[in-house]
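Trainee: Please take these sequences and the hints and turn them into a complete structure.
Quick note on the working numbering: the sequence shown kicks off at 1 and runs consecutively.
FYI, nobody ran anything at the bench for these hints, they're computed from the structure.
Accuracy of the hints is not assured; some may be wrong.
[Said to hold, decoys possible] No more than 27 Å apart at the CA atoms, straight line, and that leaves these computed lysine-lysine pairs for DSS-like: (1) Lys303 <-> Lys93; (2) Lys193 <-> Lys217; (3) Lys305 <-> Lys247; (4) Lys305 <-> Lys92; (5) Lys217 <-> Lys303; (6) Lys193 <-> Lys225; (7) Lys217 <-> Lys305; (8) Lys303 <-> Lys225; (9) Lys225 <-> Lys305; (10) Lys92 <-> Lys303.
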Amino acid sequence: MKRFLLFFTAAMLSLLQAAAADFGIISVSVTDMKARAAYTSETVSQAMMGTPVEITGCDGVWCRAVTPDGYTGWFLKENIRFFSGNGFEEWKKADRAIVTSYFEIVRESASENAPVVCDCIMGNIVTFHPDTSDVNGFRRIVLPSGETGFIRSASVCGLRTWLETRQARPSDITGTALLFTGFPYLWGGLSPKGMDCSGLNRLAYYMNGVILPRDAKDQILAGEKVDFRDPSCLQPADLIFFGRPDKEGNPESITHTGIYLGNGYFIHSYMHVRINRITPGYPDSFSRPALVGACRILGEQDKGKGAVSVLHHPWYFQTYK
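Mentor: Pasting the structure below:
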């Protein structure tokens with residue numbers, strides 16, 4: 001009975017916090033965004049630990065929220081830390097860190113043999129504990145859930161410092177994308193645990209400090225159009241798009257996307273993350289559906305087209321100077 005009362009009290013407190021909150025942050029390594037407030041609903045996207053979200057509604061154990069790229073869907077309340085008062089502004093000023101290795105385990109103490117607190121993945125944002133000393137190659141951190149734990153020092157970097165060193169050069173974007181070669185395809189995925197085609201684009205750019213729109217149909221509008229019919233016009237890190245061309249009264253339909261690598265090759269998530277040629281006639285060519293567009297993101301971020309630097313996104317920092 002006592003356990004039930006504690007659970008009921010915690011559940012009611014979560015409901016009240018959600019109802020009062022305007023913003024929150026994702027508190028698990030990655031969580032699904034659903035089209036509707038139901039476990040059986042389609043997964044339309046995901047959000048990773050430390051992603052700020054705007055709370056726009058609640059329904060039972062679900063919250064409707066908007067992610068920094070403007071995407072809206074439903075998350076489990078259990079996977080969000082809700083802010084009250086000035087909590088969100090304080091989080092934006094906190095000494096945060098980003099996870100830069102593929103996968104990490106947060107432990108109860110500074111030892112590889114210590115009990116597990118949770119997992120973290122590349123792109124997760126946590127907060128450094130005030131005790132910033134390195135202990136046996138570990139740093140103490142505070143998770144969005146409020147729990148503390150220890151993570152390998154080599155796997156985290158101060159968020160602002162890390163962002164200020166991102167150059168977002170073509171070689172950085174393509175190099176990041178290549179880190180996920182062979183990783184599994186996952187509908188709605190955008191993390192190292194699995195990603196769809198636009199999710200790979202988004203992850204490669206995010207890990208270089210740029211937030212892209214979530215879907216391919218919006219990504220193509222976020223940069224400068226490039227003549228995809230002339231391969232010599234394409235540059236590494238350009239986004240390329242496949243689908244049905246606009247003809248005979250049927251509007252263009254984009255169904256797939258990838259990142260151009262150069263020399264006729266591109267990387268994309270199709271069954272798994274792989275490299276193919278855009279030129280037909282080779283064993284490794286990818287020509288169905290047809291190539292229908294291309295755009296250049298680099299140099300176009302923060303121009304109101306949809307690509308935004310994390311450093312300049314008001315949900316991550318109060319001001320940037």
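Trainee: For each hint given before, does the structure comply? Return the numbers of the non-compliant ones in rising order.
Mentor: 6
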